[in-house]
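Peer 1: For the record, the sequence lines run as chains A and B.
Per the working numbering, the very first residue in the first sequence carries number 1; after that it's consecutive.
Per the working numbering, the very first residue in the second sequence carries number 407; after that it's consecutive.
Don't take each hint at face value.
Across the chosen pairs, the derived CB separations fall in these ranges [as the list claims (entries may be wrong)]:
#: 1; chain 1: A; residue 1: ASN244; chain 2: B; residue 2: SER445; range: 57 to 65 Å
#: 2; chain 1: B; residue 1: THR767; chain 2: A; residue 2: SER54; range: 48 to 56 Å
#: 3; chain 1: A; residue 1: ILE4; chain 2: B; residue 2: PRO573; range: 50 to 58 Å
#: 4; chain 1: B; residue 1: SER582; chain 2: A; residue 2: ASN244; range: 40 to 48 Å
#: 5; chain 1: A; residue 1: ASP320; chain 2: B; residue 2: TRP481; range: 27 to 35 Å
#: 6; chain 1: A; residue 1: GLU145; chain 2: B; residue 2: ASN483; range: 41 to 49 Å
#: 7; chain 1: A; residue 1: ASP379; chain 2: B; residue 2: LYS790; range: 30 to 38 Å
#: 8; chain 1: B; residue 1: SER445; chain 2: A; residue 2: ASN204; range: 27 to 35 Å
#: 9; chain 1: A; residue 1: TYR10; chain 2: B; residue 2: ASN483; range: 35 to 43 Å
#: 10; chain 1: A; residue 1: LYS337; chain 2: B; residue 2: ASP557; range: 53 to 61 Å
#: 11; chain 1: A; residue 1: ASP108; chain 2: B; residue 2: LYS790; range: 47 to 55 Å
#: 12; chain 1: B; residue 1: ASN483; chain 2: A; residue 2: VAL131; range: 51 to 59 Å
#: 13; chain 1: B; residue 1: GLU446; chain 2: A; residue 2: SER175; range: 29 to 37 Å
#: 14; chain 1: B; residue 1: SER445; chain 2: A; residue 2: GLY31; range: 48 to 56 Å
I should point out that these hints are in silico values taken from the structure, not numbers from a laboratory.
On a predicted model such as this, the values are computed, not experimentally measured, just so you know.
Glycine residues also receive a C-beta, built at the ideal position from the N, C-alpha and C atoms.
Each chain, written out:
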Amino acid sequence: MGLINNIKSYSETLNLSAEKKGLFNSFLQNGFPTIKDEDWKYTSLKKIIAEDFSIEKTGNDIDTSAISKHSLSFKNQLIFVDGKLISSPQIKGVTISAYADFESRNNDAIMNLNASLCNNGFNISVAKNTVVEQVIEILFFTTTENNFSQYRNQIIVGENSEIKFVEKIQNLNNSTAFVNYFTQINCDKNTNVEFNKIQNNTSNSILIDNVDIYQKDNSTCDVNTLIFGGNFTRNNLNFEQNGNNCESNMNGVSVLDDNQFADNHTFVDHKSAHCRSNEMYKGVYLGKSKGVFNGKIMVRPDAQKIDAFQSNNNLLLSEDSTIDSKPQLEIYADDVKCSHGCTIGQLDEDALFYMRSRGIGVEEAKAVLTYAFASEAIDNISVSEVRLVAQKLLADKLNVDLDFSL
Amino acid sequence: MSEKRQQSEDKLLEKVTTTEYKYGFTTNIESDTIPKGLSEDVVRIISAKKNEPEWMLEYRLKAYRAWLEMEEPNWANINYTKPNYQEIIYYSAPKQKPVLDSLDDLDPEMKAMFDKLGISIGEQNKLANVAVDIVMDSVSVATSFKEKLGDLGIIFCPISDAIQDHPELVQKYLGSIVPARDNFFSALNAAVFSDGSFCYIPKGVKCPMELSTYFRINEAGTGQFERTLLIADEGSQVSYLEGCTAPMRDENQLHAAVVELIAMDDANIKYSTVQNWYPGNAEGVGGVFNFVTKRGICYKNAKISWTQVETGSAITWKYPSCILKGDNSIGEFFSVAVTNNMQQNDTGTKMIHLGKNTKSTIIAKGISAGKSEGNYRGLVRISKGATNSRNFSQCDSLLMGDKCGAHTFPYIEVKNNSSKVEHEATTSKIGEDQIFYCNQRGIGTEAAIALIVNGYCKDVLNQLPMEFAVEAQKLLEISLEGSVG
Chain A
1 MGLINNIKSY SETLNLSAEK KGLFNSFLQN GFPTIKDEDW KYTSLKKIIA EDFSIEKTGN
61 DIDTSAISKH SLSFKNQLIF VDGKLISSPQ IKGVTISAYA DFESRNNDAI MNLNASLCNN
121 GFNISVAKNT VVEQVIEILF FTTTENNFSQ YRNQIIVGEN SEIKFVEKIQ NLNNSTAFVN
181 YFTQINCDKN TNVEFNKIQN NTSNSILIDN VDIYQKDNST CDVNTLIFGG NFTRNNLNFE
241 QNGNNCESNM NGVSVLDDNQ FADNHTFVDH KSAHCRSNEM YKGVYLGKSK GVFNGKIMVR
301 PDAQKIDAFQ SNNNLLLSED STIDSKPQLE IYADDVKCSH GCTIGQLDED ALFYMRSRGI
361 GVEEAKAVLT YAFASEAIDN ISVSEVRLVA QKLLADKLNV DLDFSL
Chain B
407 MSEKRQQSED KLLEKVTTTE YKYGFTTNIE SDTIPKGLSE DVVRIISAKK NEPEWMLEYR
467 LKAYRAWLEM EEPNWANINY TKPNYQEIIY YSAPKQKPVL DSLDDLDPEM KAMFDKLGIS
527 IGEQNKLANV AVDIVMDSVS VATSFKEKLG DLGIIFCPIS DAIQDHPELV QKYLGSIVPA
587 RDNFFSALNA AVFSDGSFCY IPKGVKCPME LSTYFRINEA GTGQFERTLL IADEGSQVSY
647 LEGCTAPMRD ENQLHAAVVE LIAMDDANIK YSTVQNWYPG NAEGVGGVFN FVTKRGICYK
707 NAKISWTQVE TGSAITWKYP SCILKGDNSI GEFFSVAVTN NMQQNDTGTK MIHLGKNTKS
767 TIIAKGISAG KSEGNYRGLV RISKGATNSR NFSQCDSLLM GDKCGAHTFP YIEVKNNSSK
827 VEHEATTSKI GEDQIFYCNQ RGIGTEAAIA LIVNGYCKDV LNQLPMEFAV EAQKLLEISL
887 EGSVG
């Protein structure tokens, strides 16, 4: 158990507070989850934690060309290198600061580890009645080699405010990097928040990404997850609706090849009445890639008049690709409409034939159909730049030179 | 208007939740019972009482030793006090074991009990063309139509007789689909099962009648561990019915059965269950714990179809499964699961696709009322070699009342890229607009709910053989009385 030992000896060099020590010990008690844990049934960390990662090493400086190379060129850029804030935009009503500790209710093992060891990340707080028209781009660079690092971020959105984010975590060298990333978003009353995650990291990066969202009355929160890169990606996305008339929307597109692995875990906790949730995850699997989807909708007692929809559609395009899907409903209130659907299949042969008989090459025809399949989720993204990036990455991944935006 | 409807709905719900179990009575037949508790000696006693050959005792002891090392599973979404396995009587047989030439020889009291259940054997013999093998507290007491079936080479007898008369078949197939080590309850069953049914359909034979068994737990504090082994040889066809009703008891009773089906090449097995064990009273006191392992294997072009109507038991833990081993084999699962009062139900199916061009269909309908919890838990696994496989699953839940719960936990694992898998699930209550539509057309609220529930279950009830469809309808009525016409 290489990693656990490294973590232990690292923790001894720190002067942890009693509270953090408690969290750390509760992590040690359980250790990293194994496939015997129901939530990690299809996702094995065994290989990863056997590696000899260093812990929280400091990284190198980066040159500015790297920033422009990986950026989506939004005006408002928030740039981090190894969790240290190096540049932040000035926006009226928005306060951006470097890491400040905060408490979280999430106490699974990996989150406890994050809470106890982390000392990097950001805090964004949006004042009441602030509408930020411009998208905020969060660029999170890691430069350390062969390192396991924890990051912890908080976004607090005040009443009647609106804001949109695009987030990218990027490894700048070719060594393996293991990142345990946590973002907590608190949406106050009447807020509207959109969070876009573009996960197109280097082919040897490992990411466990946790997003916890707490919503109050009349708030709407959208989280869009685009997975194209990375070696191992685990996304935990948890919504907790603590007020009436909330809306939670999730869209996800995963396009994987080679030995990539991606696991999307979502959980929507409907605690109040008159709320909605919509979930659409699309997966395209090539090469020897493996996908996992686990979506859970929970409707608590007395959370009446809930509409909850979840769909997970998957295309297996190669012989060695696999998918494990586990959509779940747990309903304790009767006046609800909840459904989930899950499909696993291939491209329609007839549609392919139709296109080929009209002179479209087989790769292009497949790409067009695959794009059509994924576009249902992509089209729900309101930021046009993100849609364009998704289209471009999809074309790259399918090895075709097509502009889907036409 | 809406207030009135609300009132009538409340009334219906009250009726639903106050309906008492109608089959609660006990029959006073002297039983031959061994002291409670489980040990290697008990296993030996059971085996000796049944005069079993050495290999059978070995099999039981091996299972018992495996069981000792196992832990009772707790992954299912149910809450209950785990039974004390030393407080259970593992063997109970009616003392006066009648060897019957005809039904007239049957103990009059027992006959009266069957009449109360509405399964009058005489009547069924004459009218329904059904052969009934009645298991009462684990030992078969009446077997009918045995001769007629014998002419076709069909063996249909209590499994204890099969161990004596057809050891080669039993030894070959017993535990081949559900090994003793499979799970906690299958190990327990393998160690202590006292009886059950055995059925063998020879090559190319189409069984001319529905085979049927009724199980009944009678003696207080006895666990029922029956074992069913059904072998359909190449090209044969059989439809098997299993029905259960148990009398009212205050303490929980354990029922841990194992059913194994073997469908050889081109064979076709239809296995239908109506389960109505005592569900406990409205406070959740008493009731049967129903922990059952049912599994079948399909060889080339074979088909296994499970149909179940589950209305009883305090706790149900049951996943009839199909292993689709041969190419072009087909597995089906149709289920209606009703829970009321404090009942809890964790049921579903497993479809394991191994062969090419295998197909499976899952239709599961859950109805939860009162304070009950209904769960669907299912697995569809397409392995790498199962090219062109196809699965369709549909799980719907209907909630009646705001204190009950309905949950769905499907597992879908696909390792083959030429296969298609679809799964859909919905949870909702009966729409006010649906009831309004019926009311508008002169159909009372009660009749409207009945109509809607019947329509909701139709896909499954249609799969039942005629003889059972009637009884299933009746059980739905009893279980949800007031809301099903």
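Peer 1: Indicate, hint by hint, whether the structure satisfies it.
Peer 2: These are the hints, each one checked on the structure:
1. Between A/ASN244 and B/SER445 the CB atoms are about 59 Å apart, so this pair conforms to the stated range of 57 to 65 Å.
2. The hinted range of 48 to 56 Å is satisfied by B/THR767 and A/SER54, whose Cβ atoms lie roughly 53 Å apart.
3. Checking the proposed 50 to 58 Å range against A/ILE4 and B/PRO573 shows it holds: the Cβ atoms sit about 54 Å from each other.
4. The supplied range of 40 to 48 Å is broken by B/SER582 and A/ASN244, whose beta-carbon atoms lie about 57 Å from each other.
5. Range check, A/ASP320 to B/TRP481: Cβ separation about 30 Å, and the 27 to 35 Å hint holds.
6. As the Cβ distance of A/GLU145 to B/ASN483 is approximately 45 Å, the hint placing it in 41 to 49 Å holds.
7. For A/ASP379 paired with B/LYS790, a C-beta distance near 34 Å keeps the hint of 30 to 38 Å intact.
8. With their beta carbons about 57 Å apart, B/SER445 and A/ASN204 fall outside the hinted range of 27 to 35 Å.
9. Distance hint for A/TYR10 and B/ASN483: a CB-CB separation of about 39 Å, consistent with the stated range 35 to 43 Å.
10. A beta carbon spacing of about 56 Å between A/LYS337 and B/ASP557 agrees with the range 53 to 61 Å that was offered as a hint.
11. Checked against the hint of 47 to 55 Å, the pair A/ASP108 and B/LYS790 fails, with Cβ atoms roughly 32 Å apart.
12. Distance hint check for B/ASN483 and A/VAL131: the Cβ-Cβ separation is about 44 Å, which falls outside the suggested range of 51 to 59 Å.
13. At about 59 Å, the beta-carbon gap between B/GLU446 and A/SER175 misses the expected band of 29 to 37 Å.
14. In this structure the supplied range 48 to 56 Å is violated for B/SER445 paired with A/GLY31, their Cβ-Cβ distance being about 38 Å.
Of the numbered hints listed earlier, those contradicted by the structure are 4, 8, 11, 12, 13 and 14.
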